[in-house]
Amino acid sequence: RNTLTTTYTSGVDVPEWAPGKVQEIFPALAAMVFESGSAIVMDEEVMEWVVTEYPVMKYILDAGLRSTLALPIYIHGEPIAFFAINSADPQAYTAEDAETLERVVNQVSGVLANTRLRIERREEVDRRTALAEIGRQVGSSPQLDDMFQTLERLVMGLIPFDRFTVTSIDSDLAHFRHDHVSGESVP
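FYI, in my numbering the residues of the sequence shown are 1 to 187.
For the record, the hints were derived by calculation from the structure and aren't laboratory data.
Do not take every clue at face value.
Stated by the list, open to error - Restricting the straight-line Cα-Cα distance to at most 20 Å, the calculated cross-link-like pairs of lysine to any residue (SDA-like) are:
hint, residue 1, residue 2
1, K58, A88
2, K21, A63
3, K58, Y74
4, K58, Q91
5, K58, S87
6, K58, T115
7, K58, E48
8, K58, V22
9, K21, E44
10, K58, G11
11, K58, V104
12, K58, R136
13, K58, E124
14, K58, I40
15, K58, A132
16, K21, Q91
17, K58, P79
As the list claims (entries may be wrong) - Just the calculated beta-carbon pair ranges, DEER-fashion:
hint, residue 1, residue 2, range
18, E102, I25, 43 to 51 Å
19, W49, V166, 52 to 60 Å
20, T100, E44, 54 to 62 Å
21, V56, Q137, 44 to 52 Å
22, I75, V166, 21 to 29 Å
23, A98, Y8, 19 to 27 Å
24, I25, Q137, 38 to 46 Å
25, V108, T52, 17 to 25 Å
The C-beta atom is built at its ideal place from N, Cα and C for all residues, glycine as well.
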């Protein structure tokens, strides 16, 4: 919860803020943006202060962007996203621009929430389908070795790993036996 991930960008290329990049959230900046509940206009002077406190913002200045208009997006009172536009003009944004952006975000926040919910539901359906497939295939394996290999392959589809081990333990917990091991060798 202490990070933000860039989802979409357009315009001036800032590789350090490309889609998929994960940044730590600077508490004071997060407080300024998320706790305000409204748009924040950052001119060049504010942007330079932000860089001293939140160095990753330097890349935005290095790309020639001198002002930012940022707005948190809330769903049911929870911050779920952060919307920002930037300009090379050091004094690009006004209070009127902030009000307009707030109206835009109010229009799209419901759509964003619905899209996220659809993605989460799809992922849950996919996970449950994979789990059902594990039960079906493992249950139909005629040999123990076949079952372990099938289980290994199907679990790999859900959770990446480098080593897969199934270990039996006797009833007094004193002895164990590796029934199946694959992947990286452990000395």
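Hint-by-hint comparison with the structure:
1. K58 to A88: It holds: about 14 Å lies between the C-alpha atoms, which stays within 20 Å.
2. K21 to A63: holds, 16 Å
3. K58 to Y74: Given that 20 Å is the threshold and the Cα spacing comes to 26 Å, the pair is violated.
4. K58 to Q91: holds, 18 Å
5. K58 to S87: Distance of about 14 Å is within 20 Å: holds.
6. K58 to T115: violated, 32 Å
7. K58 to E48: holds, 8 Å
8. K58 to V22: Between K58 and V22 the Cα gap is close to 15 Å, so the pair holds against 20 Å.
9. K21 to E44: violated, 24 Å
10. K58 to G11: This hinted pair holds, its Cα atoms lying about 17 Å apart.
11. K58 to V104: The given pair, whose Cα atoms are some 27 Å apart, is violated under the 20 Å limit.
12. K58 to R136: violated, 53 Å
13. K58 to E124: Cα-Cα ~38 Å, so violated.
14. K58 to I40: holds, 18 Å
15. K58 to A132: violated, 48 Å
16. K21 to Q91: Status violated; Cα separation ~27 Å.
17. K58 to P79: violated, 24 Å
18. E102 to I25: 43 to 51 Å: violated, 21 Å
19. W49 to V166: 52 to 60 Å: holds, 56 Å
20. T100 to E44: 54 to 62 Å: violated, 21 Å
21. V56 to Q137: 44 to 52 Å: holds, 45 Å
22. I75 to V166: 21 to 29 Å: violated, 42 Å
23. A98 to Y8: 19 to 27 Å: holds, 21 Å
24. I25 to Q137: 38 to 46 Å: The hinted range 38 to 46 Å holds for I25 and Q137, with Cβ atoms some 42 Å apart.
25. V108 to T52: 17 to 25 Å: The hinted range 17 to 25 Å is violated for V108 and T52, with Cβ atoms some 32 Å apart.
Violation of the numbered hints given earlier is confined to hints 3, 6, 9, 11, 12, 13, 15, 16, 17, 18, 20, 22 and 25; the remaining hints are satisfied by the structure.
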